[in-house]
Amino acid sequence: MKNAKKIIALVMAMTMLLALLAGCGSNNQNSGNTGSNTNNTNNTQETPDGADKEQEPADDAEAGGIAYGGTFVYPISEDVANFMPYLATGTVSGETVCRAMFDPLFVIDKDEIRYYLAESLTVSDDSMSYQLKLRDGLTWSDGDSITVDDLLFYLSLRDTYSKINGEPITFEKVDDLTLNIVLPVVSASYISSFGKILLCPSHLYEGLDYEAVKVSPNNELGVGSGAYVLEKWNKGESIVLSKREDYYRGEPTFDQVIFKVLGDNSAQELAYQTGDLTIKKIANELELENYRATEGSEVYLFDEGRVNFVSYNINSDLMSNKDARKAVSLALNQEEIVAGAWGELAELANSIFPANSTYFDNSRQGYVQNVEEAKALAESSGLTSRPIKIIYDSTYTGLEEAAAIMQQQLAAIGVTCEIQGYDTSGYNQIYFFATDGDWDIGLKNYSGSGDNNSINYMFKQGGSLTKNFLVTDEAEALWQAGNTTLDTAERAEIYAKLDDQLDEDYCMYRLCYPKAAIVAHDNVEGIDAIDLSPLFEDWLMVHFVNK
Amino acid sequence: MWKYVLKRFVQMLVVLAIVSVAAFFIVKCAPGDILMRYIRPEMSEADIEVLREELGLNDSVAVQYGKWLKNLFQGNLGYSVINNRSVSQQILEKLPATLWLMGMALLFSLVVSIPLGLISGLKKDKWVDHMIGTSTYLGISIPAFWLALLLILLFSVRLKWFPASGMHTQGVTTFTDLLWHTVLPLLAASFGNIAVFTRYIRSSTIAQMKEGYVLTALARGCTKRRILWRHVLKNCLLPVVTLVGMNLSGLVAGSYVIEAVFGWPGLGTLGIQSVNGRDYPVVMGITMMSCAVLVVGVFLSDVLYTLVDPRISIGEKEGKHE
Numbered sequence: 002m003k004n005a006k007k008i009i010a011l012v013m014a015m016t017m018l019l020a021l022l023a024g025c026g027s028n029n030q031n032s033g034n035t036g037s038n039t040n041n042t043n044n045t046q047e048t049p050d051g052a053d054k055e056q057e058p059a060d061d062a063e064a065g066g067i068a069y070g071g072t073f074v075y076p077i078s079e080d081v082a083n084f085m086p087y088l089a090t091g092t093v094s095g096e097t098v099c100r101a102m103f104d105p106l107f108v109i110d111k112d113e114i115r116y117y118l119a120e121s122l123t124v125s126d127d128s129m130s131y132q133l134k135l136r137d138g139l140t141w142s143d144g145d146s147i148t149v150d151d152l153l154f155y156l157s158l159r160d161t162y163s164k165i166n167g168e169p170i171t172f173e174k175v176d177d178l179t180l181n182i183v184l185p186v187v188s189a190s191y192i193s194s195f196g197k198i199l200l201c202p203s204h205l206y207e208g209l210d211y212e213a214v215k216v217s218p219n220n221e222l223g224v225g226s227g228a229y230v231l232e233k234w235n236k237g238e239s240i241v242l243s244k245r246e247d248y249y250r251g252e253p254t255f256d257q258v259i260f261k262v263l264g265d266n267s268a269q270e271l272a273y274q275t276g277d278l279t280i281k282k283i284a285n286e287l288e289l290e291n292y293r294a295t296e297g298s299e300v301y302l303f304d305e306g307r308v309n310f311v312s313y314n315i316n317s318d319l320m321s322n323k324d325a326r327k328a329v330s331l332a333l334n335q336e337e338i339v340a341g342a343w344g345e346l347a348e349l350a351n352s353i354f355p356a357n358s359t360y361f362d363n364s365r366q367g368y369v370q371n372v373e374e375a376k377a378l379a380e381s382s383g384l385t386s387r388p389i390k391i392i393y394d395s396t397y398t399g400l401e402e403a404a405a406i407m408q409q410q411l412a413a414i415g416v417t418c419e420i421q422g423y424d425t426s427g428y429n430q431i432y433f434f435a436t437d438g439d440w441d442i443g444l445k446n447y448s449g450s451g452d453n454n455s456i457n458y459m460f461k462q463g464g465s466l467t468k469n470f471l472v473t474d475e476a477e478a479l480w481q482a483g484n485t486t487l488d489t490a491e492r493a494e495i496y497a498k499l500d501d502q503l504d505e506d507y508c509m510y511r512l513c514y515p516k517a518a519i520v521a522h523d524n525v526e527g528i529d530a531i532d533l534s535p536l537f538e539d540w541l542m543v544h545f546v547n548k
Numbered sequence: 003m004w005k006y007v008l009k010r011f012v013q014m015l016v017v018l019a020i021v022s023v024a025a026f027f028i029v030k031c032a033p034g035d036i037l038m039r040y041i042r043p044e045m046s047e048a049d050i051e052v053l054r055e056e057l058g059l060n061d062s063v064a065v066q067y068g069k070w071l072k073n074l075f076q077g078n079l080g081y082s083v084i085n086n087r088s089v090s091q092q093i094l095e096k097l098p099a100t101l102w103l104m105g106m107a108l109l110f111s112l113v114v115s116i117p118l119g120l121i122s123g124l125k126k127d128k129w130v131d132h133m134i135g136t137s138t139y140l141g142i143s144i145p146a147f148w149l150a151l152l153l154i155l156l157f158s159v160r161l162k163w164f165p166a167s168g169m170h171t172q173g174v175t176t177f178t179d180l181l182w183h184t185v186l187p188l189l190a191a192s193f194g195n196i197a198v199f200t201r202y203i204r205s206s207t208i209a210q211m212k213e214g215y216v217l218t219a220l221a222r223g224c225t226k227r228r229i230l231w232r233h234v235l236k237n238c239l240l241p242v243v244t245l246v247g248m249n250l251s252g253l254v255a256g257s258y259v260i261e262a263v264f265g266w267p268g269l270g271t272l273g274i275q276s277v278n279g280r281d282y283p284v285v286m287g288i289t290m291m292s293c294a295v296l297v298v299g300v301f302l303s304d305v306l307y308t309l310v311d312p313r314i315s316i317g318e319k320e321g322k323h324e
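For the record, the sequence lines run as chains A and B.
For the first sequence, position 184 (counting from the first letter as 1) is numbered 185 according to our numbering, and the numbering increases by one without interruption.
For the second sequence, position 157 (counting from the first letter as 1) is numbered 159 according to our numbering, and the numbering increases by one without interruption.
Because the hints were derived from the structure by calculation, they are not lab data.
Given the structure is predicted, the values throughout are model-derived calculations rather than measurements.
All residues carry an ideal CB built from backbone N, CA and C; glycine is no exception.
Each hint can be trusted.
Ranges of calculated distance between the beta carbons of each label pair, as one might list FRET restraints: (1) Leu180/B / Gly297/A: 28 to 38 angstroms; (2) Glu290/A / Ala64/B: 47 to 57 angstroms; (3) Glu221/A / Gly105/B: 26 to 36 angstroms; (4) Gln370/A / Val17/B: 54 to 64 angstroms; (5) Ala294/B / Glu221/A: 26 to 36 angstroms; (6) Lys69/B / Ser163/A: 30 to 40 angstroms; (7) Gly208/A / Glu56/B: 17 to 27 angstroms; (8) Asp143/A / Glu55/B: 33 to 43 angstroms; (9) Leu71/B / Gly341/A: 46 to 56 angstroms; (10) Asp61/B / Val186/A: 32 to 42 angstroms; (11) Glu56/B / Ser163/A: 10 to 20 angstroms.
Model the full assembly from the supplied sequences, consistent with the hints where possible.
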């Protein structure tokens with residue numbers, strides 16, 4: 002009997018071990034190739050300057066040739082609310098899906114303007130007046146024409162793009178394709194944000210006010226302006242888009258694009274390995290290393306246009322003291338934190354501006370660690386009088402690890418830390434709106450959309466989102482100057498001074514520029530052709546290839 | 003009998019009320035709300051305040067609960083603050099997927115656990131009993147999340163027998179395809195239940211095999227198999243009635259973990275999304291529906307118990323149990 006029990010226990014143990022080992026072993030991946038070979042010999046694609054260009058016909062017999070067709074499958078962590086860009090783009094999933102269904106007006110990327118729905122943008126000498134001209138002949142996917150009325154409808158929904166510093170912007174419709182925009186004050190960043198608007202089909206909402214628009218069933222129709230149109234919405238499961246045959250920029254490269262709802266990262270990873278997904282985001286460095294060693298997959302690293310940083314709560318009794326903030330800033334070792342928390346998935350940040358900013362200079366020197374001085378300041382400022390509370394957003398990769406490393410580094414100067422993580426919703430409420438000084442240091446990130454002033458919302462004096470953040474008068478003056486100056490050299494100088502000013506104020510500690518890592522089956526190309534933000538500004542650049 | 007039914011009905015209402023209050027306040031206590039989803043960086047303080055007012059976030063928690071309760075009495079579960087769609091409608095959309103998966107899992111659990119429990123009880127302390135017992139310990143111990151991922155790794159990635167996620171193959175609506183997609187999540191969802199049910203049935207079987215009627219039947223020359231399936235089985239299923247009643251709520255609440263891992267478009271997935279998005283109306287809708295099903299399920303199992311076992315009576319009759 003005893004022997005029988007032992008044998009059974011051994012068998013069970015072996016079974017468990019085998020099950021564990023099932024997860025190890027070969028890294029050979031299945032190709033996610035769902036592309037078909039389609040011979041298209043008449044592809045027309047418009048270049049950013051509007052000229053038509055005949056695309057070289059694909060030679061499907063050759064390896065490496067573009068394979069038109071097939072199904073591109075991408076995971077999203079949650080289902081979308083609807084397909085009305087103004088309402089749906091509040092989440093990453095919503096924005097990702099809308100990018101495939103709707104085109105922006107234009108995108109200003111440093112010195113380049115890429116036109117989409119817009120044909121041209123004319124700027125007056127004083128940069129306070131703009132004339133936007135839409136392309137002629139554009140239609141929504143249901144056949145209605147895209148006109149300036151659609152843009153005016155979007156602008157009417159909220160004041161977001163209709164005011165600068167509380168002063169109204171004047172919009173004048175010249176004709177169905179032409180709109181004049183007159184700014185009340187000079188704003189170097191306004192037009193850059195304006196170009197990224199995803200127009201909404203106004204003909205679906207005629208006579209409706211904003212409250213009625215919010216609950217309109219037409220929000221689920223998915224009438225769009227982009228390369229792909231809604232074919233089917235399997236709620237909670239997947240969103241199936243099919244290529245738009247009359248897309249104005251040429252034939253889309255995939256027959257279908259499917260966004261699969263898979264909230265769990267492990268489930269996404271397994272779905273990628275079975276070939277159910279074409280690409281997926283890499284969650285951490287371990288995955289990055291694994292996929293780099295995996296046959297049949299390619300890894301792409303992108304700058305996310307984000308900055309991870311340490312923020313000091315100015316409403317905290319300790320952090321309101323500049324010496325305390327300086328003590329923390331000098332105690333931290335940036336390289337150690339970034340290497341430990343993100344490894345290869347981030348670059349050291351020495352500027353507050355994301356790497357995709359028009360005026361970006363990371364060559365400047367940030368804080369230099371000085372433990373002795375930090376220790377002395379910690380004592381004199383009372384930082385060692387009680388444990389300080391570090392909060393972080395647990396949704397973002399690396400922030401928890403960064404908090405833990407900071408805890409160790411601050412312990413070296415005699416400062417005890419408590420660490421508390423929250424999900425994004427909870428974190429944002431505490432970080433932005435709780436002014437009781439209950440937390441001392443917050444790990445946060447923000448993103449920019451090209452122009453340096455696009456991140457001003459995180460640093461605006463008296464802003465709605467900066468209640469717990471120190472913005473001195475000097476810093477605020479520099480922000481204002483940077484946005485009202487049009488001379489590029491002058492702007493660059495102002496933003497460099499702004500970085501220096503923020504250093505002097507000890508209001509924050511820059512950590513890193515996180516990178517988005519994508520893994521794709523090696524029959525997909527074009528992923529690195531254009532920046533990922535959040536997924537493909539230009540879907541025509543991505544395609545399958547013959548292998 | 004009717005007095006008993008009325009009494010239980012009132013008890014159910016009390017339970018539902020307590021659960022609604024507890025659930026509402028617990029969700030509201032969690033930091034964060036729906037506001038950030040709607041905030042745009044360019045918004046001023048005044049804009050945010052207007053938004054807060056529109057979303058009802060300026061009201062106290064008690065007032066918000068009162069408004070929700072008032073809507074509930076009018077048969078309205080409210081509207082999602084994420085997509086402005088009716089909560090009832092969203093629940094009804096997702097319910098069939100969850101009912102299918104969890105219903106099949108419950109059925110499968112019963113079909114597998116009943117014979118296993120009977121055999122294990124009959125063969126007490128034999129090697130069969132030990133094997134089944136060890137397996138049930140595994141079933142109780144193994145986290146469903148881990149098991150689900152293992153099943154996908156083995157059967158989808160390595161063997162390619164079953165799909166890794168989803169409820170349907172894109173563009174296919176056949177029943178066979180649905181069954182094919184159901185296998186792995188069903189196994190993951192039922193493994194724990196099989197373990198629990200088996201152990202209950204085993205204990206019940208052992209107890210029944212010691213009863214006088216079994217000895218009498220043996221003395222009369224009945225085979226053990228006949229005694230087991232014709233006499234003992236009925237009595238062993240009594241605790242199962244209770245277990246099934248208590249598991250009924252799982253039919254509608256689903257398994258958040260299983261649905262998340264398999265991308266199953268049911269109430270579990272909706273629940274996770276709602277919690278993460280602080281979509282209180284949907285969270286409350288799912289919670290109250292699960293609770294209602296649970297209390298009704300327990301009540302029905304109590305009533306069913308009396309029908310199955312004539313020794314049990316309810317109400318005013320002489321009886322051991324009410």
